[in-house]
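Engineer: Chains as they are written, first to last, in the numbering used here: chain A, 38 to 222; chain B, 323 to 900.
Hints in this document: simulated from the structure, not taken from any laboratory.
Glycine included, each C-beta is placed from N, C-alpha and C at the ideal position.
Hints are supplied without guarantee of correctness; some may be wrong.
Once the Cα atoms are required to be at most 27 Å apart in a straight line, the calculated DSS-like pairs of lysine-lysine come out as [claimed, not checked]:
| # | chain 1 | residue 1 | chain 2 | residue 2 |
| --- | --- | --- | --- | --- |
| 1 | A | K107 | B | K648 |
| 2 | B | K648 | B | K544 |
| 3 | A | K120 | B | K648 |
| 4 | B | K693 | B | K544 |
| 5 | B | K693 | B | K718 |
| 6 | A | K107 | A | K120 |
| 7 | A | K107 | B | K651 |
| 8 | A | K120 | B | K651 |
| 9 | B | K651 | B | K544 |
If you only want the chain A side, here are some residues facing chain B, beta carbon under 8 Å, derived [what the hints assert, rightly or not]:
| # | residue |
| --- | --- |
| 10 | A69 |
| 11 | R73 |
| 12 | Q111 |
| 13 | R114 |
| 14 | V116 |
| 15 | L215 |
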Amino acid sequence: MVFYDPGHEAASEHTLSVFTENRVGLLGRVTATFTRRCLNIESLTVSESEVPGVHRFTIVVRASAAQARKVAAQLERQVDVLKAFVHGEDDVLVRDLALYKLDGRHAGPALDAVVAAHGARVLEQSDALVVLELTGSETQTAALFEALAPFGVAEFVRSGRVALTRPMRPLESFLAELEAASEQG
Amino acid sequence: MTETRVNGEVAGAAEAPLVRGAEALVLALLDEGVDLLFGYPGGAIMPVYDALHGHRSRLRHVLVRHEQGAVHAAQGYARASGRVGVCIATSGPGATNLVTGIADAQIDSTPIVCITGQVPSSLLGTDAFQETDVVNVTAPLTKWNVQVTRAEDIAPAVARAFYIARTGRPGPVLIDLTKDAQGALVAYRHTPCTRVRAYVPRPRVSETALDAAARLLDGATKPFVIVGQGVVLSAAERELVAFAERTGAPVASTLLGLSAFPTSHPQYVGMVGMHGRYGANLKTNECDVLVAVGMRFDDRVTSDLSRYARQARVIHVEIDAAEIGKNVKPEVALHGDARDVLTALTPRLAARTHPAWIAEFHACDAIEHEKVVARELTPEGPQLRMGEVVNVISQKTSGRAVVVSDVGQHQMAAARYSAFEAPRSSVTSGGLGTMGFALPAAIGAKLACPERTVVAIIGDGGFQMTMQELGTAMQSGAAVKIVILNNSFLGMVRQWQELFYESRYSETEMQNPDFVRIADAYGIAGARVEAREALGPALDAMLAHAGPYLLEVVVERESNVFPMVPSASSVSDVRLEV
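Here chain B stands alone, though its shape is the one from the complex (with noise of 0.2 Å):
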């Protein structure tokens, strides 16, 4: 067998079995590791289906019941464990529906592969039944698209779809494939994709920089570490850990570096940002070396630049040259892998300690403690409160399920009352804030990793934005664990109604349906719960199912988050009440 490559790709002499398109597909998903994918049929990837079927003892799909479910699915799926989500929709609105979590994905750089149906070739730009131009849809919203219209394409542009979606800053990919390309022949080879030209997935670091920033480490006095998902990304946890140890800096992280990093280590001093830790956000305008590893200085971090930080000297970590200095300036840029940094980072460290700086950051958190932990985790009022049911969650899970929540106040409850002790164990919609992503995602989350416990929690606007997915648990068995915290309003448009709005709260109190009846309509347990006493027992029995369960608790209908950094506030003005 002979190989030519070009362009990294490999192409060869035709001694392999002619298959149709369709066929070909699958087999290229098979040899990439696809063994799960989330989808939805419809005329224009028949073809396609019809392949799976005969291969759906290698490679399972789950049918959700809205393609954005899919999408979310796979999210979720390659949030949790690592390996590249694959989902699969028909043609036109099939393709639209998946567009919120391809933009999803892109803003939280998860590797997913879309695949998606389109009318035959002959018919493009036709304004054919159900034909949409998804490569230019999705083009502003994925790392790489293509459109096939051959089927001697296909398996190249499977092989490149994947190697692009998870290597460097990972990101969704979609492949639009043309009905004829799918049911013509084609002899099969698997073409693995091992480079790009000019794409520099892993850039070496440079050993000046690297220097540099020892150098700096080594000088500070206050150091301040903040971790993002590039961490998770790159697998770096371990490191990470050596890292901060060896600095004995205080550790942040920002929502999605949520698990990076132990939340019962000595050093870990919370979440930066809107809604983080009144220290992590004061501190930030106190430290003299800011090391951010990995993430992107996002306004939900920084509020209000100007006021950011601007007596450190920071240190970057980061994979994707255009995040170095988009917002933030460094002193000292670490252009790489966040692993690889580290690793050649930690050794050129002196080792350190900073009790007296670390303690500052727990005297903050005595202070926030009185004013809003205790509140919030021992109410003194009959109803339940958001932080506390997360902490009951946290408590029976020993901080180890995947928690993967949706958006909004609940939200930041399960990120700030949540124990993260195992990595990947946070899910969450961080850049895009999708409503509707938790259901679904959690599902993706279950199925990739079956032994794990995955709850999620759920507001109850997001919820009945993709509740029609339970009917994928139902089909699929994935047990996921549902908590619906039901305020009966979107809480936090609400919250800021209140708080900017002069308590105007324009069409956010919600009459919701019965959740548990919901639920048993689709054969799945469930109960409610309103008295703290039974939220114990509820979740006890939640968590001891076999199956797929809802729980909805019903709490306290305008509590607020706190604290609080307004936007376009310094992180200094953080607010602890009202």
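Looking at chain A on its own, in the form it has when it is part of the complex (with noise of 0.2 Å):
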């Protein structure tokens, strides 16, 4: 039984998370992983981890699930690389956070509205600037977007997505195994 991966299989959205030592240069190296393989990353956020002195990368890329497993396989033999995952979609909680940029003219009963409407708050407001603030996923940032657009946006960003694992099981768990398989070397 072979496998046979032409590379054509349909792209679909992954979300990894890849847990590293705090190392300069690993960023290089943990992209690098990505683009020799011609994958563009959709986003990607660094963070601490809930273990001290581990980094976690939040990285999503459209690929064909042989793809994402491979370059998961890849991070993985990267030295300061502990551990990389290829999520299910049904196993993370995704969000983002976005902030939103309008003429302080606009402030008044309708744009209230929309804020309301799309469960966002207002984080500062003045006389020249209104900035608005959403958490959630892409969609309902962007749907948030389209709704300002008629005030007109003057500046908008987003974070990249960050990711948690439904399945209850540590990190910690992972890297003790690491750490009583690494004894034997």
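Since each chain comes alone in its own frame, lean on the hints to assemble the complex.
Structural biologist: Given below as structure tokens:
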């Protein structure tokens, strides 16, 4: 039984969580693992994790399932990458944070209605500007952007995706397993 | 003395002597067991060279003529000896000149540690003289790399570098050392590295998978074993013979696996791949169980994956998890060190023989002999052919020389027509296909194994890419035997032009210098042969000569290497002639 991956398998969106040491230059190594396969990273966020000294990359990429799996394996080859996971859609809770800046003249009942309808909140308001904040899925943050279009959005920014997994197995247990395995080297 | 373990690295109290960072580097190299390194000095690495001068009785430095020569020599040293090769260069161009060899070592899993000088940390990022961001340049080409800007980080970095380079799937590691770190005072302490967090160099082999593999093999009627360099890297040559003899299966080798299994073994059926043996390629698509040991199903082995061994149930023995299922999905994955796996697997197997199945390979050999091998080894024409030259070298060295080949037609001739009776006897640039590799790699191999005969087989094109390393052979006294198979063409490209580009020989014909006179200018003895009857005596003279020697052999200009699996074809479509 031989596996053939022509690379034409339908691409879909995959969320990867990659846990790493905190080392200079690792960001480049991680992103190069995607770019050398001509995979465009849709979104990338890096932060600390619940384990001290361990960083967490959340990466969204459009790829075939096989490509995503192989990229995760290649990431784990990196000495300073501790663990890489490809998540199924049902396994993760994902959120983006979006900020929207509008001219202060637009403040008023019409804008308030949009804000309420989308569950956004006013982060800052003055005569000069109104800044709105929305946390949600990419669809939700995009929908608010559309709804604000008639007012004119002066500035828009959206964070990369952050994701948490639903399964309760803690990262520490994966690390402990690797610790035990690395002892025998 | 108290020690605190942090991530497997030892940090300790300071009773150690205060030394400069450069001295700490040299002491750390000595503590890692390094006794030989290859390099080229320059501004940003001068403190290290000054420290090396003080230790030259214990740590020999071989001065190359170009940094590419240093890294290839380190590769040759590592491949022939199994020890970590070390090279050293200055910042900027010194560092970038290492890049080709680093890429070569990465794709061919060669354990080397490269040390580069770097501008002082205060000048980093300022486009200072001879500043190159070599850590970023080499990030995709190294197993691990690091920039060290503080003297106290030098010893731990060196320990970690050697540990990572030689363990697991080996590979190149680079340490970039700023000049101020080389100059700062530090309390030197040997800090061995025995572990890196979450890095599992020697995975525990799954018992379930071992049992599954044994069941599959015991039930096989046409088992076929293909071995790669993983066998050499894990020093599993003896375990491989025991495994092979237990299964009774025919055993083939990849290019990099050559010499892992003795050529003379009755179960050996030759090399697989684009210019591999006819039977080994054909039977890949007829076997029922394919056991791949320490090989990665490279495209030069498989050609069209969609038509590669689709009938076979595959057992993949592989230390690098990322290689398992990358190209060929195995039915049984044996994730682990080849020696660990074979040691555990062989006792689980029933003793079997497959004489009828092996006879099928021999029948293919007979066809190949008639169409290819006889014409190559005993040609009718007056001109020498590459295969016959290699064959005579192999006979005269009893298949026990270290054969270092460059890249191209002569490389395939060296792989096909050399006998390999001792482990670590084939050194070549396989994955990257780096022309210019052989001469410096042979120098490294010879200095690593002075008791062995080292023959570099090189084409006229590749030789001219790094022929300045004749100076290294001269100055180091490395007694390499250089055989240039001169067809005055870039032969492999010309072959493709003949076969696939209507014989339009675009820029492949070479006007060459007098190679023997060039060697002579370096004080290296040499000779040139063109006639068949002169070949044997010339090789005898070369092998009897005490020092380095260059033999130019003029070979047929437009011969082709066969068999050939054209790229994107099936291995079943292996061709024996045009």
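Engineer: Under the constraints set out in the numbered hints, which ones does this structure not fulfil?
Structural biologist: Nothing - there is no hint that the structure violates, so all of them hold.
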